[in-house]
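Q: Here are the chains, one letter per residue:
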Amino acid sequence: MSSSTAMTAMNLRFQKDSLCMQDPRQNLAVEIDALHKWYGAFHVLKGIDLRVAHGSRIVICGPSGSGKSTLIRCLNGLEAYRQGTIMLDGTRLGEDAVQTALARRQTGMVFQNFNLFPHLSVLANCTLALRRVAGMARTEAEALAHHYLEKVRIPEQAHKYPAQLSGGQQQRVAIARALCMSPRLMLFDEPTSALDPEMIREVLDVMTELAHDGMTMICVTHEMGFAREVADEVVFMDQGSIVEQAVPATFFSAPSHPRARNFLSTLLH
Amino acid sequence: MGFDLDFALASVPAILGAIGMTLLVAVTSCFGAAALGFCLEIVRRRGGFVGLGVRFLIDFIRATPVLVWLYCLYFILPFYGVRLSALTVGIAGLSLYYSGYLAEVFKAGIDAIAKGQQEAARALGISRLDTVVFVIAPQMLRNIAAPMGNYFVSILKATPYLAVLAVPEMLGAAFDIASDTYRYAEPLTVAGIIFLALALAISQGVKWLEKRLAVSTVR
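Protein sequence lines correspond, in order, to chains V and S. Residue numbers for the first sequence follow full-length UniProt numbering, beginning at 1 and rising by one. Residue numbers for the second sequence follow full-length UniProt numbering, beginning at 1 and rising by one.
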């Protein structure tokens, strides 16, 4: 009797699990429709449409002022938008505060200027949200933080303060801090732009590894080598619109839009 | 009748006897003023109608003499059925008065924190309150330890105002001796020296705190 009850419970759980596993495949990781945003009178985003499947890597590039940072900042609610919709894994962002908060918790963000908390050690930077948001116990949170610090290859710096680390190390801590919350989508806002040239590689290596692990990633970056190697799709933005969207091979060898060609030639020379 | 050192020394125990009251008022008022000032500043930053009201309140507090606050709380509140002890009124009055000044200090300390800090906290899903407590407040304290310490010294030096409410603090004790014996120089000098010692102790404490906080934020 009891064993059959247990079996039923297990079956139920199995069914429920498989249902849960199916859901994300039906939903896209990100679905942006006709997104508009203004800063005062300035029209920053002019009708952006973008679809990102789970597990895919999108690189967004374009000249400064093209709206690429604004776009990914809209994706986790750091910027409000005026018109259009953003769906994160089937949840509409901004419609209901609780749902939005949940959807945002599944999104990790890495900033150009790292934005580590300077008064907290590397370890405490990683565990703050785990303890305060996920409600994890200290030891558990620290174990998880160590796991991700190892993943970004700086476990030995766990007890240092951010200011004691190099820029590349700080950015890797920032990546580990975001990963700790087990995001399903990682947003990178020019993660290497504030770094000295010799430190760019170590950050890109970590990002590449993350991509190979199957993380869904949207990266605003001018690192075209990274785009060529890792991206499934390159999105080129100019003056608030997506001008060209193509697989890297096409984008780099035969960009169709003159502005994209122009942009690529300025990067190369 | 010159300065009588023996009389001065003899008056020390009685004056020191009131140091407890002075410290109680000073320390509680420091905490009260800091807590209230921080809340005022946080609400002011939120802006909107309430923020505007708080902005006015802070300016109003700073533009009125502390004695007015003490008299108001002590003599006017009872008309509305609120009867507070002299000690409570003293602590409340000093807390309220200095909260206005500390709010300004906190403002400078928060303004100096990079905008990215709040964004990072938001991106991690950390609540507004937790962001204030764990991200903003600790960094603000590092920025303003010295000016905040100055106001703590000011609060200590404002405790004799409580004499108007007959709270038995240190200067009051010294004055009691003076009026009993008609010798003013000795007890008042002794009280002054004790105030000086306490103020120096506070500023040393703030220096130590600054050093300790600096260790955790190597720049």
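Any given hint could be a false lead.
[To be verified] Listed next, with one range per pair, are the computed distances between beta-carbon atoms:
{"hint": "1", "chain 1": "V", "residue 1": "138", "chain 2": "S", "residue 2": "193", "range": "47 to 53 Å"}
{"hint": "2", "chain 1": "S", "residue 1": "214", "chain 2": "V", "residue 2": "92", "range": "33 to 39 Å"}
{"hint": "3", "chain 1": "V", "residue 1": "92", "chain 2": "S", "residue 2": "150", "range": "36 to 42 Å"}
{"hint": "4", "chain 1": "S", "residue 1": "52", "chain 2": "V", "residue 2": "239", "range": "34 to 40 Å"}
{"hint": "5", "chain 1": "S", "residue 1": "112", "chain 2": "V", "residue 2": "193", "range": "19 to 25 Å"}
[To be verified] Under 10 Å between C-beta atoms, here's a sample of chain S residues computed to sit facing chain V:
{"hint": "6", "residue": "114"}
{"hint": "7", "residue": "117"}
{"hint": "8", "residue": "138"}
{"hint": "9", "residue": "145"}
{"hint": "10", "residue": "146"}
{"hint": "11", "residue": "183"}
{"hint": "12", "residue": "185"}
{"hint": "13", "residue": "188"}
{"hint": "14", "residue": "189"}
To be clear, the hints were calculated from the coordinates, so they are not data collected in a lab. Positions of the beta carbon are idealized from the N, C-alpha and C atoms, including for glycine.
Q: Of the hints given before, which are not true for this structure?
A: 2, 3, 9, 10, 11, 12, 13, 14
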